[in-house]
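For the sequence shown, this note's numbering assigns the number 1 to the initial residue and increments by one for each residue that follows.
Hints listed in this document are in silico derivations from the structure and should not be mistaken for laboratory results.
Watch out, some of these pointers could steer you wrong.
[To be verified] Now the in silico label distances, taken between C-beta atoms and shown as ranges: (1) Ala236 - Gly72: 37 to 47 Å; (2) Ala153 - Leu174: 18 to 28 Å; (3) Thr25 - Ile237: 37 to 47 Å; (4) Pro157 - Asn180: 11 to 21 Å; (5) Val36 - Ala153: 19 to 29 Å; (6) Gln121 - Asn35: 20 to 30 Å; (7) Gly248 - Thr25: 36 to 46 Å.
[Stated by the list, open to error] Lysine-lysine pairs mimicking DSSO-like chemistry, simulated, CA-CA at most 27 Å apart: (8) Lys100 - Lys225; (9) Lys155 - Lys206; (10) Lys206 - Lys154; (11) Lys24 - Lys53; (12) Lys155 - Lys240.
Ideal Cβ positions, reconstructed from N, Cα and C, are used throughout, including at glycine.
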Amino acid sequence: MAILTACGPVSIVNALTPSFSYKKTSNIAYTATGNVRQRLDVYQPTDTAVASKARPVVVFFYGGAWQEGSRGDYLFVAEALTQRGYVVVVPDYRVYPEVKYPEFLYDGAAAVAWAANNADQYGGDRSRIFLMGHSSGAHIAAMLTLDSAFLEAKKVPLTAVKGLIGLAGPYDFLPLTEPNVIALFGGEANLALTQPIHYASASIAKTTPPVLLLHGDDDKRVYPKNSINLARELRAIGVKVELDLLPGMSHTDIIAKFTRLLRGDGKVVDRVDRFIRENAG
Numbered sequence: 001m002a003i004l005t006a007c008g009p010v011s012i013v014n015a016l017t018p019s020f021s022y023k024k025t026s027n028i029a030y031t032a033t034g035n036v037r038q039r040l041d042v043y044q045p046t047d048t049a050v051a052s053k054a055r056p057v058v059v060f061f062y063g064g065a066w067q068e069g070s071r072g073d074y075l076f077v078a079e080a081l082t083q084r085g086y087v088v089v090v091p092d093y094r095v096y097p098e099v100k101y102p103e104f105l106y107d108g109a110a111a112v113a114w115a116a117n118n119a120d121q122y123g124g125d126r127s128r129i130f131l132m133g134h135s136s137g138a139h140i141a142a143m144l145t146l147d148s149a150f151l152e153a154k155k156v157p158l159t160a161v162k163g164l165i166g167l168a169g170p171y172d173f174l175p176l177t178e179p180n181v182i183a184l185f186g187g188e189a190n191l192a193l194t195q196p197i198h199y200a201s202a203s204i205a206k207t208t209p210p211v212l213l214l215h216g217d218d219d220k221r222v223y224p225k226n227s228i229n230l231a232r233e234l235r236a237i238g239v240k241v242e243l244d245l246l247p248g249m250s251h252t253d254i255i256a257k258f259t260r261l262l263r264g265d266g267k268v269v270d271r272v273d274r275f276i277r278e279n280a281g
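Model the full structure from these sequences, guided by the hints.
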């Protein structure tokens, strides 16, 4: 989304974000198509304390209702995570109307495949990947985690994904009501297949990594029931799920907590950091 209502335009937020904690490599193609929406940026921590050890990798998918967004806007998210010692991959992906469901999921899977094949060149551990997303990006991260078909299509070992981190994500949002969302998902004959919650069945229990779902209880854009319902269904099949409903937070507040101005209370960044450390192995 273009504006973080809690802290002003993203361009200002990023301009105020210090660069001493990361080294950025930009504009890497993760497919051979030449499409400018199939490129990513990699952020490496610059601290030398653990330079000899491969670090966990976070692949972050931004939101934008599957219709907009730019990886460059999320430098502040990458900086927050590199400060905690993680290699961060932020891909663009094709959006509506250029593509419809499920093409953006295949783009997401291709970006994860790139990380699984190349993260070691940037100090990352290819076998310790966490998928993280905000809003519609959390939908992408959840679908890639819960429906193995997408990662398998890109030859990503499912064991490489050590955790899913969903921030204010839509996981259970039928019936579709917004015209553009109907258009981008409407070609799917069985709309239930577009919902991450659909895949919460016993068949995935043994292959699903731990899950962290964070949602503001004042989110009027993507209602908290999305995270509540997914957590309930995943727990029912034995998946390790941590659900935090954050008092007073809106849809944008939760991602704004990654900005340097607002991360100090630790409600989001510290929570994400702890989850990664506990599950990275």
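query = Is it true that the CA of lysine 206 sits at most 27 Å from the CA of lysine 154?
reply = Distance ~21 Å between lysine 206 and lysine 154 Cα, so the pair holds.
key: Outcome of range test on Cβ distance (proline 157, asparagine 180; 11 to 21 Å)   = 35 Å, violated
task = Using the Cβ atoms, figure out if alanine 236 sits within 37 to 47 Å of glycine 72.
result = 40 Å, holds
request  = Mind checking the alpha carbons of lysine 155 and lysine 206 for me, to see if they're no more than 27 Å apart?
outcome  = Status holds; Cα separation ~19 Å.
query = Given a hinted range of 19 to 29 Å, is it respected by the beta-carbon distance of valine 36 and alanine 153?
reply = 22 Å, holds
inquiry  = Check whether the Cα positions of lysine 100 and lysine 225 lie no farther apart than 27 Å.
reply    = 25 Å, holds
request  = Confirm or reject the claim that threonine 25 and isoleucine 237 have a C-beta distance inside 37 to 47 Å.
outcome  = 39 Å, holds
message = Between the beta carbons of glutamine 121 and asparagine 35, is the distance compatible with 20 to 30 Å?
response = Holds: the Cβ-Cβ distance is about 22 Å, inside 20 to 30 Å.
query = Given a hinted range of 18 to 28 Å, is it respected by the beta-carbon distance of alanine 153 and leucine 174?
reply = With a Cβ separation near 25 Å, alanine 153 and leucine 174 satisfy 18 to 28 Å, so the hint holds.
Proposed proximity, lysine 240 with lysine 155 (alpha carbon, max 27 Å) = 25 Å, holds
ask   = Does lysine 24 pair with lysine 53 here, judged by a C-alpha cut-off of 27 Å?
value = Status holds; Cα separation ~19 Å.
key: Satisfaction of the hinted span 36 to 46 Å by the C-beta atoms belonging to glycine 248 and threonine 25   = 37 Å, holds
The structure fails hint 4 only (numbered hints given earlier).
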